[in-house]
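4 protein chains.
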Amino acid sequence: MISFESDYTNGAHPAILKRFIETNEESVSTYGFDKYSESAKTKIKEACKCPEADVYFLAGGTQTNSIVISTMLKDYEAVVAANTGHISAHEAGAIEYTGHKVLTIGEEMGKIKPEELEKYLSGFYSDENHEHMVFPGMVYISHPTEYGTLYSKAELEGLSNICKQYEIPLYMDGARLGYGLMSYDTDVTLADIATYCDVFYIGGTKVGALCGEAVVFTKDNAPKHFMTMIKQHGALLAKGRLIGVQFDTLFTDNLYFDISRQAIDMAEELKKVLIEKVCRFFIDSPTNQQFVILEDSKLGELKKELKVSFWEKYDDTHTVVRFATSWSTKLEDIEKLRELL
Amino acid sequence: MISFESDYTNGAHPAILKRFIETNEESVSTYGFDKYSESAKTKIKEACKCPEADVYFLAGGTQTNSIVISTMLKDYEAVVAANTGHISAHEAGAIEYTGHKVLTIGEEMGKIKPEELEKYLSGFYSDENHEHMVFPGMVYISHPTEYGTLYSKAELEGLSNICKQYEIPLYMDGARLGYGLMSYDTDVTLADIATYCDVFYIGGTKVGALCGEAVVFTKDNAPKHFMTMIKQHGALLAKGRLIGVQFDTLFTDNLYFDISRQAIDMAEELKKVLIEKVCRFFIDSPTNQQFVILEDSKLGELKKELKVSFWEKYDDTHTVVRFATSWSTKLEDIEKLRELL
Amino acid sequence: MISFESDYTNGAHPAILKRFIETNEESVSTYGFDKYSESAKTKIKEACKCPEADVYFLAGGTQTNSIVISTMLKDYEAVVAANTGHISAHEAGAIEYTGHKVLTIGEEMGKIKPEELEKYLSGFYSDENHEHMVFPGMVYISHPTEYGTLYSKAELEGLSNICKQYEIPLYMDGARLGYGLMSYDTDVTLADIATYCDVFYIGGTKVGALCGEAVVFTKDNAPKHFMTMIKQHGALLAKGRLIGVQFDTLFTDNLYFDISRQAIDMAEELKKVLIEKVCRFFIDSPTNQQFVILEDSKLGELKKELKVSFWEKYDDTHTVVRFATSWSTKLEDIEKLRELL
Amino acid sequence: MISFESDYTNGAHPAILKRFIETNEESVSTYGFDKYSESAKTKIKEACKCPEADVYFLAGGTQTNSIVISTMLKDYEAVVAANTGHISAHEAGAIEYTGHKVLTIGEEMGKIKPEELEKYLSGFYSDENHEHMVFPGMVYISHPTEYGTLYSKAELEGLSNICKQYEIPLYMDGARLGYGLMSYDTDVTLADIATYCDVFYIGGTKVGALCGEAVVFTKDNAPKHFMTMIKQHGALLAKGRLIGVQFDTLFTDNLYFDISRQAIDMAEELKKVLIEKVCRFFIDSPTNQQFVILEDSKLGELKKELKVSFWEKYDDTHTVVRFATSWSTKLEDIEKLRELL
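Chains as they are written, first to last, in the numbering used here: chain A, 1 to 341; chain B, 1001 to 1341; chain C, 2001 to 2341; chain D, 3001 to 3341.
Do not take every clue at face value.
[Unchecked claim] Partial list, computed: chain D residues near chain C (C-beta under 8 Å): (1) THR3009; (2) LEU3017; (3) SER3088; (4) ALA3092; (5) ASP3192; (6) LEU3236; (7) ARG3241.
No wet-lab data here; the hints were simulated from the structure. Just so it is clear, CB atoms sit at the ideal spot from N, CA and C, and this is done for glycine as well.
Okay, chain A solo, but in the shape it has when bound (with noise of 0.2 Å):
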């Protein structure tokens, strides 16, 4: 069996669990304050080279959404989204949970146009009856986005600058971000994002981790008491070297980034074997997930042999699949699939 299900049905790099045994032993400060956690903060913050930012950590992508949109909007606030975004609908209503609407607007490919952006937010202004609406008061997206695609830094930059127009942050969700950055055709860099970002959070679950987002506030601006309202949401932590540890080994000697970077060189082996076997692309995409068109009586065959996630219908006879490399696939992985295909 072959598999290229998710970016996340194995454990984690293997410099994770060494490190988590040289640690063990240690007796640390908890909740967060550990000598660990600081030091991959540290780390991460020469990373973004944003000195005076804040880094928080927390276990996972839809935790991490629901705490940093719910404390960063006011109560009569909305996060923008687009209608693909993961918080518009495979988050199980975490947004709304917390009292929040998403407001969702279209998208190309899974990202929000700096156009599409302004033409929303200069309309709900315009609307006389704005009052009795809730305020658009964040704007959402991800890098990559749940298409595998990514923004442009032209983009980044666009979309920030109407969120300054209009005094709202720009947040984005990085659950894949090394793989975004890692890309062969991309043009942001990590300190690009701290830039046009007022939050974003880099993932470590789908990039190596077992667990763990790093959220980090660019502009001097996480919340009042956060930690309290991390624990009020449940998410707070005892052994918070659990998530630092982790981060610490995937911010020292550029580890993040080159395990990021194999998956990345794997997707284009992969492209390249799709190619040759004459699939259709649903979506080009640059990043580590690839989405490819394949007749249903294909896959039905394939299925014995090979594991990939379904992701919609695409006609009557064909079916839209995402294949997933990670830091782990190997390039006898992708060998094995030029065989079977």
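Dock chains B, C and D against chain A, hints included.
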């Protein structure tokens, strides 16, 4: 420096880390459907002698309390807890954040007495205006309590009977459950807890895991679509194996109980030293937390070489401190303490 | 100045004020247990031909939507509404404030087509990942819709059947129900609504009352302790007589229907004038709201002597405006409009 | 039957109904922008000697408490109230429903003593673990209290100073404010309240209106977009005139104060009768609520001709009952009571 500060300053029991490494390369199902989680659930049900139980894994104690309580309560219901209950004061309003009140009642050394509960509930329903108040919809107890004390089997049965009479569930917070079960001074088994409680959790974070608590619904009473609501609270781990592997290890070959016993043995040794050194006990605790009244001047001196937790001021010149042993406490730590005192 | 701005700019029907005075000196029970509320409930159940109904009074429409929806949904459920539904956009996030998502689906002139609903619900359950999404737990429709349009009896039956199949309630927002029932162009009676809807409300605020809506649960399905939850939402009036007296008056001697019919008669006269003056209709509405496309320059001029509601921009030089008649509109108002146009 | 059951069993003061009729035909702005609401606000600001105040109208007391408290608190904050505070026990968990805890502290006859508050707040901040608890973010007092007692000007000043020191607002629930202001035994004026409180409300429902409370923000501190949040809570009345007309009437020609004085005069007459008939007082109340301890057998007999409120059991054979006078109590009611007793 000797540390008796808390039972979660160290990492995980080595057997857990070993197991992480052994299982790391396998590609397994996500979101808790992996084989380690399945195996752990089976072992926990056996340990509880409760084959009909439903078991779920969550990352931490406050998260567990918040999710269990809010999903089991109706909108018009509140949870009844002791004044000193962890949810009453020390969880940053996490229960109220979900929209539910914590109704507090009197306690004795952290324990809710059955008579007190009966008085409270009958008083509520005899109030003519009770439709203008939230209804008591669940009873929360902790075992060991926040003071290290334990319910007897008779007390648990008493509370259980009252809850049955009022048709509300009895919920036990078992953040330190292992230390309660292995106390020299208890007649309560894990099977008893499964019998008397409608839902309880087996603490991992404070008993040898890096994180994780196992919620056990004992009466075929897990809330419908509980997994969806776990996600809604931001608590669904993508790599469910993180907790699955830990509990599978803890419930293999009696490990959970053995390491808890180690902490209790060390606590009994600690008590001997404290008695020998004529320390005054604040409470008579049969578990791994020992509360001692120290003169402030002495405490100041000891702090140079000893870490303990501040509990509360006793009077103008004395302070109550907590000594906590854990699965990782060694006899030599106790010896060092004897010398120090 | 002639006003067709809305159906709630005037006070109450005079019969209501008269009744306030007649009953003012009596000392009656509070919190909705007064004899006027009781009498009004009986009359409403008769008018609905639904003796088993439970009737509750609330003060306004958004309040009613918020309370009915949040108390009928489980935590893991969301309400399905048309994109144009009042709860989707114009209630300041009141539904989300209670923790529930509004799932929006396509509509035609404000109406949810049964086929569309069926497609949506079957699509949801056929999605392999639906446990990661909130469940559709209720269907919200408005009648008349926000565009003044009406469901036919067959359409209501269709929606009702689908809801039964998926075991979720059908809820009708009847803020302007009287105007729907008295339309020249409807085959739907109040009894039909009680048959097909699991819960609905009869609007008072926009149909002759100073405030107040009557919620009707038709299937012995009022949420348990509904009164306590009304109070929890801050909506329990100490002097329940305020709404009781109003609905008792409206449902005596057919008043609710007669005054609604007056508004419809006036709307039909209004239509004649608009047609005569060659106005272009934006929608063909059979109720008291008429939507007309006016040239901006003409609108600017008319505004000096006419109050209508801005609806939306039609194109660069035209605007859609709404004319609303009400129980208090008089034939002379229509005459004045004819002269003005 | 003589009724001293409560101060809201009758309708509205006749002047209010008269004014409804006079203004009924006018077409006015909706959602609280009508001229009556504007006029009422101006008059209230004058009566408070607080020209910079912001005034808003809401329908009832629990609604007002819920909205004011939840919109003024940050997510990490709770409101401090007396154990006996209305929000602590008798509002069906309405505050917790908005996600905020009510922190209760000891009281004397319903009043929070400044010393007690200071002790509580300084205790909170001296706790090393306070970041794991919700922060006290507002102080709630009621005046008159639930026991009919009143704060002195010095006590209000004391509370106000402590709140200023801790930078949290002081909020007064004035459901029965008129009766407090017109007590024979008070040195507190409406202007004093505007000086010492950051926000308070002037009760209408229990002081002559059919419904309605006037919220007064005294320090240019109304929450941003307060109207939107009122709507979000379901509390924005389409016909704002309903409350505007009532408060405009109550604050014309001193009506609010005159009718409150009438209730106090009657309460003083009532006290005389109760003393004359050798009744035992439970509390010494200077306002319109009088609490008396009656033998159960005697109470049983009286109930045939007298309506009073059950307050609480005093002992096995005695009960505390509440007599409430109101603006509508007449001297002949007192006379009848004398004869009855």
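Verification of the supplied hints:
{"no.": "1", "hint": "THR3009", "result": "holds (4 Å)"}
{"no.": "2", "hint": "LEU3017", "result": "holds (5 Å)"}
{"no.": "3", "hint": "SER3088", "result": "violated (14 Å)"}
{"no.": "4", "hint": "ALA3092", "result": "holds (4 Å)"}
{"no.": "5", "hint": "ASP3192", "result": "violated (27 Å)"}
{"no.": "6", "hint": "LEU3236", "result": "holds (7 Å)"}
{"no.": "7", "hint": "ARG3241", "result": "holds (7 Å)"}
Hint compliance for this structure: hints 3 and 5 are not met, and every other hint is.
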